[in-house]
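Engineer: Protein chains in written order, with my numbering: chain U, 28 to 112; chain S, 109 to 713.
Just so you know, these hints were derived from the structure itself, not from any lab.
Please read these numbers as outputs of a predicted model, since none were measured by experiment.
Errors might be hidden in some of the hints.
Unchecked claim - Selected chain S positions facing chain U (in silico; Cβ < 10 Å):
1. P219
2. V223
3. Q359
4. Q387
5. A391
6. G393
Claimed, not checked - Listed next, with one range per pair, are the computed distances between beta-carbon atoms:
7. S:N559 / U:D41: 49 to 59 Å
8. S:R299 / U:L59: 21 to 31 Å
9. S:R647 / U:R35: 31 to 41 Å
10. S:E135 / U:E52: 22 to 32 Å
11. U:V73 / S:R299: 46 to 56 Å
12. S:A209 / U:D38: 22 to 32 Å
13. U:L61 / S:R303: 35 to 45 Å
14. U:R92 / S:D666: 51 to 61 Å
15. S:R355 / U:L61: 34 to 44 Å
Unchecked claim - Among the chain U residues that face chain S by a calculated CB cut under 7 Å, a handful are:
16. A39
17. E43
18. T44
19. Q63
20. G79
21. R83
Heads up, the beta-carbon is just placed ideally off N, CA and C, and yes, glycines get one too.
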Amino acid sequence: MPSKTLDRVMDALDLETFLVCSNAEEGKNLILSLMQELGFQDVDVVFIQHEGPGVRVRARAYVHRSGDKYGWLGVDDHVKEVNHG
Amino acid sequence: MGKRVLLAPLDPVHDIGLKMIKRGLDEAQHETILLPPDLPPEEIVREIVDKKVDTVLLSRTLGYGVAEVLAKFVDLADAAGVREKVTLGIGGMAIRPELAAELGFDAGFGPGTTVEQAVAFVEGRELSTEGVQVKKTKQDMTAGYSYQYRHSNIGSLLEVISKMILAWVENKTSPGVERAKVRDELWDINRWLNRQENKEFMAEYPKLCGEIPRKYYETGELHPKTRRFTPEEVKGLERYLEDVKARMSVQKLQHTRKKPIVFNQYGTGCPYLDIGHVQVSEAWGADGVVHFDPSWGARTEGFLDGFLTHQEDGTVITPANLNRIHGALQESTLWQVRAHRGLNTPETVVLAGKIGADLTKINFCYGALGAGTDPERLLVDAYHSMKYAIKYNMPFDVVTNEELCGVPAYKAFAGMLIVADLAVRLGAKPILQPLFCYSPEVMISGQMEDNYIDFNAAKIFALRSIVDAPIWPGAPIGFLTHSEDRVQSSMTTALHACLASALEVDAISIASSDEAYSGGPISVPSKIDTLRATMEGFRFFGQAGIAPTKKAEEWSQDIVAGIEKVLQEVLQTGDFVQAIYAGLLGSREEGAYPGRAGRGTVTTI
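In isolation and in its complexed conformation, chain U is listed as follows:
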């Protein structure tokens, strides 16, 4: 998901909401689908709680995991290769 704005996310982007659904499993599938519809690939569910009408959920998309090349450093791959070379 190439985006200059996402480059500024230090590590992860969390999306929190409430989804109407029958159980936690359905809620988890829904939120993961939503994250993928939004264009995120490296996604997980940090927290989910189902009660009655639906789930309170916190989904996460990692933009930069440890060891990645951090977009917010403003260093493009070419420069990094030169520096590391």
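With the hints as your guide, set chain S onto chain U.
Structural biologist: Below, chain S alone, put in the same frame as chain U:
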């Protein structure tokens, strides 16, 4: 027959969950072997072989490399020939049931697994959820209170003021009172529920209404911000309600305490969203909900009818809207329909009572000073409202939100006690509702420079030293301590809730974590935030207390002295309405302005 169970953490240190499960298994007469943390998988597998166990329960808290560790364990168990001989379960913070199943475990238990569930797994039975579902019952927070005065002079002053009000009000009426009478006497709810006409009611009611409702009854024209639901939307709601009813569950917030009852306000403008919000509040532990009407509704003579949605804050009071919301509530949920301040106060009480509300809200002082209704009109209307509250068996809170305008607590409390005294003399059950918040008064005077405990505690101490009556701080608790940040906002709500709990008040009204956000309606996740925070706060403190400093007692005495002085001044005026105009219960300088809506509409019978 007891099982032989091996419990082993696949972690360097974490084995608390397994120890708790071990205790549960021991109590259930199973034989348990708990291995220490940080053993290599090979060693755990060797123990399985040597000890000839029936079941293995592993735990894994660390998320890093969890899939690899689990896969390796299963491979080793296979290679040692024990995988098919034992039941293999794994649980812990890092475990997702689907991952465990994919890797060949018999069960995977994620965060939140109970000891009871783990024991059920070992015993090879389905865990019944019957026993763990929370069952709630409706509570009457006024039960057990005598309304006797502990402060005899204040009691005596209030008695004379009540007699003065009763003498003034007894031969007066208003359009609001007349509409309430028609609603009470001519509107047959059973006919209405059966979609039959209420001809006598319809012949009288529109004549008593202001322009907006009258136009509606004459031409069908609605208020511009409202619209009717379509039949498809109504069917959709009915399907939704049926689905949710089948899976509804509720939580209990108070941990080991019985009090305080926790209320959440709703009033999105749309009864559908309200129902959604109410059910989420109930599911996350709210014991009661408060119906919040639009501000224009309080300045309009009469109610509309029909199943209507509204584009702004506050849900339009109509019989159909109230009835749909009431029908969606859990049996245990206390339902308050507030009536305290507008031109429809007595009729709101009648309508709420007929439809099945448990509580209402009446305060002719706040309603006249902080919310825009003419004092004379509201006094007449509130008097009749109290009588209807008695008829329909609805206790009501006497809110003191004029403090938010800048009125000092002792003046607001004097007004609250005047309302409460009159109510008790009529036979009603008022509930005192002090603000539990960072009010303008304390911002100016500095009583909360050090902490938020002392002045709030002082209010409760003061009220308790005056009268034996139920207390329900609000509304909402923590007002003006909230910011737009949900962590901060949830935390300050929870802390105020815990203080209220420690002071053993009867109920509280809590905000949502977006209370301070002004860009749109409250959202459901924000409601859950404060309910969860409150639950955790109650769990943290349990039966333990919070100790105010000696300032609380000093300020309590100041409040009581201030109330006594105000009551004497009110009495000296000889006319309660004039006392309000004179600012004795909140002056213009303090931010309280006598309202104008309904001015000149009181008539003598």
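Engineer: If you check each hint against the structure, which ones fail?
Structural biologist: 2, 7, 8, 15, 16 and 19
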